Each structure stands twice: as C-alpha cells, then as structure tokens.
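Participant: These are the residues of each chain, in order.
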Amino acid sequence: MMDTRFTKGKSAILERSLTRPKTEVSVSAFALLFSEMVQYCQSRVYSVSELQARLADMGQSVGASMLDVLVLREKNGKRETKVLNILLFIKVSVWKALFGKEADKLEQANDDDKTYYIIEKEPLINAYISVPKENSTLNCAAFTAGIVEAILTHSGFPAKVTAHWHKGTTLMIKFDESVIARDKALDSR
Amino acid sequence: MSRQSNRTSDSKKMNSELFTLTYGALVTQLCKDYENDEEVNKQLDKMGYNIGVRLIEDFLARSSVGRCHDFRETADVIAKVAFKMYLGVTPSVTNWSPAGDEFSLILESNPLVDFVELPDNHNNLVYSSLLCGVLRGSLEMVQMAVDVRFAQDTLRGDNVTEIRMKFIKRIEENLPAGDE
Chain A
1 MMDTRFTKGK
11 SAILERSLTR
21 PKTEVSVSAF
31 ALLFSEMVQY
41 CQSRVYSVSE
51 LQARLADMGQ
61 SVGASMLDVL
71 VLREKNGKRE
81 TKVLNILLFI
91 KVSVWKALFG
101 KEADKLEQAN
111 DDDKTYYIIE
121 KEPLINAYIS
131 VPKENSTLNC
141 AAFTAGIVEA
151 ILTHSGFPAK
161 VTAHWHKGTT
171 LMIKFDESVI
181 ARDKALDSR
Chain B
1 MSRQSNRTSD
11 SKKMNSELFT
21 LTYGALVTQL
31 CKDYENDEEV
41 NKQLDKMGYN
51 IGVRLIEDFL
61 ARSSVGRCHD
71 FRETADVIAK
81 VAFKMYLGVT
91 PSVTNWSPAG
101 DEFSLILESN
111 PLVDFVELPD
121 NHNNLVYSSL
131 LCGVLRGSLE
141 MVQMAVDVRF
151 AQDTLRGDNV
161 TEIRMKFIKR
171 IEENLPAGDE
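Protein sequence lines, in the order shown, are assigned to chains A and B. Letter by letter, the first sequence follows residues 1 to 189 of my numbering. Letter by letter, the second sequence follows residues 1 to 180 of my numbering.
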C-alpha cells in the first residue's frame with residue numbers, strides 16, 4: 001500500500017524525539033486547507049463516490065503515519081490483538097490525538113458481528129462544510145473513514161470503513177471475516 | 001451581525017499533527033497527479049492563494065488589527081500576529097533591504113514539515129509553497145501586491161526556513177464606473 005522508503009543516513013528528522021511538546025494550529029487554518037483539498041479532489045472526479053474515494057485515499061496516508069507514532073508514543077510499541085481493544089484504541093487514543101477528544105460513541109451492529117460503528121455527533125472535519133443539496137449523500141468524513149481504515153488494516157485487522165449521515169456522522173466499520181474468526185478463536189483458548 | 005459578538009479573538013486550536021499529516025497527504029497526492037515538481041509547486045501556490053483570499057477576512061475579524069501604516073508594520077503583524085494565530089509559531093523578521101521594501105521571515109520550526117523528508121527524486125519540490133500563496137492572496141485583499149518565495153528550506157538541508165517577501169506595489173481599488 002505504501003511505498004517503501006528509506007530515510008537518508010543523517011537526516012535531522014531521526015534526531016528528534018517522538019514524544020514532543022504538543023504544538024497547536026488554529027482550526028480555521030485546518031478548515032481552509034481541508035476545503036482546498038475537497039475542491040481539488042472534486043475538480044478531478046465525476047461522482048460523489050469517486051470524490052469520497054479520493055478523500056479516503058488521502059485519509060489512509062494520514063492514518064498510516066499516525067498509527068506508528070501513536071503505538072510508539074502511547075503503547076510503548078505494543079500492538080493490540082483483539083477487535084475490541086483496537087476499536088477502543090481508535091475511539092480513545094487516536095481520536096484524542098487527532099481531534100482532542102474521544103469519539104462520542106462506539107457501537108456494535110445488532111444483527112452482524114462483523115460490523116461496528118463509531119459515531120460522532122459533530123465531527124471537526126464537517127464543522128465548516130455545508131453539503132450542497134444536489135449532493136446530499138456526500139460526507140467529507142470519508143477522509144476520517146480512510147484514516148480509521150488504514151489504522152485497522154495496518155494493525156492486522158483488515159476492514160472497510162465508510163462514512164454516513166446518521167446520528168451526526170457514523171463511520172461504519174466492516175471487518176473481514178477472517179478478523180472475526182480469529183478473534184473468536186482467541187476467545188475460546 | 002448578531003453573530004459577531006460570539007466571536008472570540010482567540011480562535012479555536014487543534015493538535016498540529018492532524019494538520020501536518022493532512023498537508024502531507026495533499027502534497028503526496030499532487031505528486032502522484034502531476035508530472036513534475038514545478039507543476040506541484042504551482043498547484044500548491046494556487047491553493048494557498050485561494051486560502052489567503054478567504055483567510056484575511058477571518059484574520060481581520062479575530063485579530064482586531066487595524067490598517068498598517070508601512071511595510072515594516074505589515075511584516076510585524078504577519079510574523080507576530082498572523083503566524084502565531086494560525087500556525088502557532090512566530091517567525092523573526094530580518095534582512096531588510098535598504099529601501100525597506102523587502103524582508104525575510106525566518107522560521108525556526110515550520111509546522112507543515114514535521115515528519116517530512118524529501119525523497120531524492122523530488123529535488124525541485126518546494127514543499128511549503130502553499131505558504132507563499134497564502135501570504136500573496138491575503139495581502140492582495142488588503143491592496144498589497146507582493147512577491148513571496150522560499151530562500152532557504154530546512155527540508156533541503158538549510159539550517160532555517162526563510163521566506164523572502166518583496167513589496168511590489170499598492171493595488172488601486174477600481175471603483176465601478178458611476179460610483180462616487
């Protein structure tokens with residue numbers, strides 16, 4: 001998925017500590033940047049689903065980078081092995097690092113053990129976006145869905161994550177069959 | 001108008017890492033979409049310009065900074081108020097030209113390039129070009145035409161990041177014909 005890259009021998013970036021003082025930027029700066037991204041993507045696609053796919057792609061690269069840094073910083077390099085724990089890691093640690101708060105809710109689908117929902121009433125991503133009437137299904141949190149999908153997939157829990165307008169914004173996580181089967185096998189040991 | 005009273009002078013803040021990585025994702029995508037680095041630089045600058053044109057309004061509303069009397073004052077406001085407000089860093093203003101129409105912003109740290117390292121095949125990429133566009137766009141909205149470019153960049157091995165800004169001219173407002 002990601003290109004393999006090697007850092008140059010004496011790169012200054014390697015000298016820096018991973019735990020660093022928290023730095024902040026303004027939400028306006030992010031909102032304006034994100035808006036340009038959405039417009040750029042829109043200029044290169046023909047449909048809402050293509051636009052969401054492009055946003056999700058960019059989210060994936062954010063998620064992949066965030067995963068590594070968080071696992072090292074907050075988990076001392078330890079990776080999760082259980083479905084519930086990786087979901088909680090996302091709801092708590094990932095959300096706090098990205099959005100400064102825990103996600104509002106984490107739920108499991110009643111009728112399907114592969115499907116989970118992360119629900120955010122007012123996601124930061126959508127705070128300054130008004131969706132045009134003719135594209136009412138567009139949810140730019142597809143970007144966040146991409147982040148979550150990358151984190152799950154790179155942690156060994158392959159899944160598909162999509163964003164929907166439901167109770168605010170709901171990210172629907174559908175795990176691969178194999179993930180749930182493995183989780184059950186671990187439980188029964 | 002009633003909404004204005006709810007505005008606080010201090011804008012809401014967020015963790016810079018999401019911002020940094022999101023910008024990284026954008027640059028990566030542009031590098032995939034365009035043939036060469038020059039095109040990517042141009043596109044980033046254009047996006048920055050669009051941001052600047054919108055950002056100035058947000059800035060004037062929140063900062064309660066009045067009209068600047070000269071370019072030196074403009075430089076100080078950009079460094080001490082605008083950069084601080086939006087990116088959480090305060091560059092220093094130096095290297096004034098004798099005529100006082102050109103200066104440098106020196107950034108000790110640039111939030112756009114945290115985690116970033118340029119691969120060998122992107123030697124001509126000016127990674128933070130977006131900032132040039134933002135500065136150009138926002139100043140244009142207050143009737144100042146400026147030229148903005150990167151003179152030094154830590155990503156290319158320089159010790160600091162230096163943005164060079166040159167005043168070109170004051171833009172005359174063209175009133176629509178028939179208006180007093």
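Among these hints, one or two may not hold up.
Said to hold, decoys possible - With beta-carbon atoms standing in for the labels, derived distance ranges:
id, chain 1, residue 1, chain 2, residue 2, range
1, B, T90, A, D113, 51 to 57 Å
2, B, R149, A, R20, 25 to 31 Å
3, A, L18, B, V89, 15 to 21 Å
4, B, S109, A, K160, 52 to 58 Å
As the list claims (entries may be wrong) - With a Cα cut of at most 27 Å, we get these calculated DSSO-like pairs of lysine-lysine:
id, chain 1, residue 1, chain 2, residue 2
5, A, K121, B, K84
6, B, K12, A, K22
7, A, K105, B, K12
8, B, K13, A, K101
9, A, K105, B, K166
10, B, K80, A, K22
11, A, K22, B, K32
12, B, K12, A, K91
13, B, K13, A, K91
14, B, K12, A, K160
15, A, K101, B, K32
16, B, K12, A, K96
17, A, K96, B, K84
18, B, K84, A, K101
19, B, K32, A, K167
20, A, K167, B, K12
21, B, K13, A, K96
22, B, K84, A, K22
These aren't lab readings, by the way, just hints derived from the structure by calculation. Every value quoted in this text rests on a predicted model; they were computed, and no experiment measured them. Even glycine gets a Cβ: it sits at the ideal position worked out from N, Cα and C.
Participant: Does each hint hold? Answer for all of them.
Facilitator: Now the hints, each set against the structure:
1. Between T90/B and D113/A the Cβ separation comes to about 52 Å, which falls inside the hinted range of 51 to 57 Å.
2. The beta-carbon spacing between R149/B and R20/A, approximately 29 Å, falls within the hinted interval of 25 to 31 Å.
3. At about 20 Å, the beta-carbon gap between L18/A and V89/B stays in the expected band of 15 to 21 Å.
4. Distance hint for S109/B and K160/A: a CB-CB separation of about 38 Å, inconsistent with the stated range 52 to 58 Å.
5. For the proposed pair K121/A and K84/B, the alpha carbon gap of about 30 Å is over 27 Å, so the pair is violated.
6. Taking the CA atoms of K12/B and K22/A, the gap is about 15 Å. The hint holds against a cut of 27 Å.
7. Restraint check for K105/A and K12/B: the C-alpha separation of about 23 Å stays at or below 27 Å, so the hint holds.
8. Straight-line distance between C-alpha atoms of K13/B and K101/A comes to about 13 Å, which keeps the hinted pair within the 27 Å bound.
9. Restraint check for K105/A and K166/B: not satisfied, since their Cα atoms lie roughly 51 Å apart, outside the 27 Å limit.
10. Under the criterion of a C-alpha separation no larger than 27 Å, the hint pairing K80/B with K22/A is consistent with the structure, at around 20 Å.
11. Between the alpha carbons of K22/A and K32/B the distance comes to roughly 31 Å, so the proposed pair goes past 27 Å and is violated.
12. For the proposed pair K12/B and K91/A, the alpha carbon gap of about 22 Å is at most 27 Å, so the pair holds.
13. Of the supplied pair hints, the one linking K13/B and K91/A holds, its CA atoms being roughly 20 Å apart against a limit of 27 Å.
14. Of the pairs offered as hints, the one joining K12/B and K160/A is violated, with about 32 Å between alpha carbons and a cut-off of 27 Å exceeded.
15. For the proposed pair K101/A and K32/B, the alpha carbon gap of about 33 Å is over 27 Å, so the pair is violated.
16. For a cut-off of 27 Å, the pair hint linking K12/B to K96/A stands: about 16 Å separates their Cα positions.
17. For the hint linking K96/A to K84/B, the alpha-carbon distance of about 23 Å falls within 27 Å, and the restraint holds.
18. Proximity of K84/B to K101/A is assessed by CA-CA distance (about 23 Å); at most 27 Å being required, the pair is judged to hold.
19. Restraint check for K32/B and K167/A: not satisfied, since their Cα atoms lie roughly 36 Å apart, outside the 27 Å limit.
20. Restraint check for K167/A and K12/B: the C-alpha separation of about 24 Å stays at or below 27 Å, so the hint holds.
21. A threshold of 27 Å between alpha carbons decides the hint, and for K13/B with K96/A the separation of about 13 Å falls inside it, so the pair holds.
22. Only pairs whose Cα atoms come within 27 Å are accepted, and K84/B paired with K22/A is accepted, the gap being roughly 15 Å.
Against the hints set out earlier in the document, violations occur for numbers 4, 5, 9, 11, 14, 15, 19.
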